[in-house]
Amino acid sequence: MSGEELIRAEIREAGYDALQPAIRGIDLSVVAGELVAVLGPNGGGKTTLFRALLGEIPHRRGSVRVAGGIAYVPQTERSRLDFPVNALDVVVMGTYPKLPWYRRVGSAERELARRSLARVGLAGEATTPYGALSGGQRQRVLIARALAQDARILLLDEPLSGVDRPSTERVLAILDDLRRSGCAVLIATHDIQQARRFDSVLCLNREQIACGPPESALTSEVLERTYGAELVVLDGGERAVVVQHHAH
Amino acid sequence: MLDPITEPFSHGIAQRALVEVLVLGAVCGPLGVWVVLYRQSYAAESIAHGMLPGLVLAALVGVPLGLGAAGGLIVAAAAISLAGRERGVGSDAAVAVAITALFGAGALLALAPEVPARLGELLFGDPLGVTATDLLASAALAVAVLAALYALHRPLAAVAFDPQSAPSIGAGPGRTELALLVLLALTTLVAVQALGNLLVVALIVAPAAAALRFASRLPAALGLSVALAIAGGVGGLYVSHYLKLAAGASIALVALAIFVLSLPLGRSARRRPESRPGPVEVATQGS
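Protein chains in written order, with this note's numbering: chain A, 1 to 248; chain B, 249 to 535.
Treat the hints with care, since some could be wrong.
What the hints assert, rightly or not - Cut-off 25 Å, straight-line C-alpha distance, at most; resulting in silico cross-link-like pairs (SDA-like, lysine to any residue):
(1) A/K98 x A/A132
(2) A/K98 x A/A67
(3) A/K98 x B/G420
(4) A/K98 x B/P421
(5) B/K492 x B/P252
(6) A/K98 x B/R465
(7) A/K98 x B/L397
(8) A/K98 x B/P467
(9) A/K98 x B/G422
(10) A/K98 x B/A399
(11) A/K98 x B/L394
(12) A/K98 x B/Y398
(13) B/K492 x B/R264
(14) B/K492 x B/V482
(15) A/K98 x B/A479
(16) A/K98 x B/Q412
(17) A/K98 x A/A126
(18) A/K98 x B/A395
(19) A/K98 x B/R423
(20) A/K98 x B/P411
(21) A/K98 x A/A118
(22) A/K98 x B/P415
(23) B/K492 x B/L400
(24) A/K98 x B/S289
(25) A/K98 x B/A396
(26) A/K98 x B/A427
(27) A/K98 x A/D150
(28) A/K98 x B/V482
(29) B/K492 x B/L270
(30) A/K98 x B/L446
(31) A/K98 x B/P252
(32) A/K98 x A/R114
(33) B/K492 x B/G368
(34) B/K492 x B/P256
(35) B/K492 x B/D374
(36) B/K492 x B/A479
(37) A/K98 x A/G55
(38) B/K492 x B/L446
What the hints contain is simulated information worked out from the structure, not anything from laboratory work.
Can you make the complete structure from the sequences, with help from the hints?
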């Protein structure tokens, strides 16, 4: 891949507390049209890395250069389902950063939001209350919100967790569409199987363990260092199982 | 013979009370929607209670109640932030401790023999005691709060929807929540004269909570909340006139009745989130 470089990050350390950096040693370059899995256990620093790229982290040593707008797609489980908005209202929020505070949302913003919804295949759900959509549909609405931000870089936080199989396929198809349109996409995931489907993988467990194409980056040794005690290696290293504990 | 609809408002006192509740409805309605969406109803209650010592002191010294209320608010905010700074004290405990202490101090002050017989007015309000100057002050503050709500509409919506992702669309959760608390304090200041220290929360929270049971989009929720708050205010004045009840208490009761009616009439809770997967196992072929 030899596209235009959209992200160049050399982060020595970053975190919320200057004395206890949450991540260190990141060396990342992402070009246009590249899909990068950010693989690591819960608490491994995936969201912190995203925040560092967004410039939202209080303590950051090193350099981050991003070309073009950058948008963040949060986990659907965190957004409120009782909030009085429909799908189109949520996507319109993506137009807020470019809209001066004294201007109302107008037809241009709504049109952009409609086009973004159509790109994720939800043109027909524009007026459906957000809370009444399925988990996969909500994920696509949030991706549409990022598209409405007119960003070339998208950071997706666990976009496939808690999403059923047909929705997973739809989200992956949207990611392919983004790749073709020259976006750079980072996908946080703890699922090794999913990580193999993308162009490159960044393995992260408080520090960068490896970064490169999945076939060379995802070695048993890298996985062991990425997942530590959560990784159970079976059959003499032929099979690796990650037991993910969800906090409830 | 006077029409039973216009008859309660045939005097200047009642006319001023009517204008006052219209102003209060216009500002408490939309503000309340945000207070409920941000789950800050407890803060609304606390802010109102925390200003009691300021109100009593103002009554003792003979300065305008609004001034005392403003002073009380500043002390309450400082007390909450000081208590909350102590390690191991949660913010809800900080609010509870600071506000109860202030309310107790206010009650002690109010028992002083020098306090004019206006304690009831401080606690329960008196929309019929509103002067033309009070009205002007209320209207000015209300216009300022409404203008701020208009200007902050987008950050308020983005942060309430998802605080984690709001910064990436230009809305800082910290400053947005702080701005909402300041607007809540200003609104409480506007409303405390008419509704009193104990009842002001009713007109902020009840109509908004009812509106949110009916409306499925923000503009509808904000508009309906204004309508219901005004209905509560005006309805309360009628109840007060015909049943010879205290006006502030009547308004609070009618606002509450509107909320209770919304429970069976409003639509039931929206669809619950799908259950999240429990412990998952991800198997893969090692290389």
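- Message: Hint by hint, where does the structure go against what was stated? Just the numbers, ascending.
- Response: 1, 15, 23, 24, 28, 30 and 31
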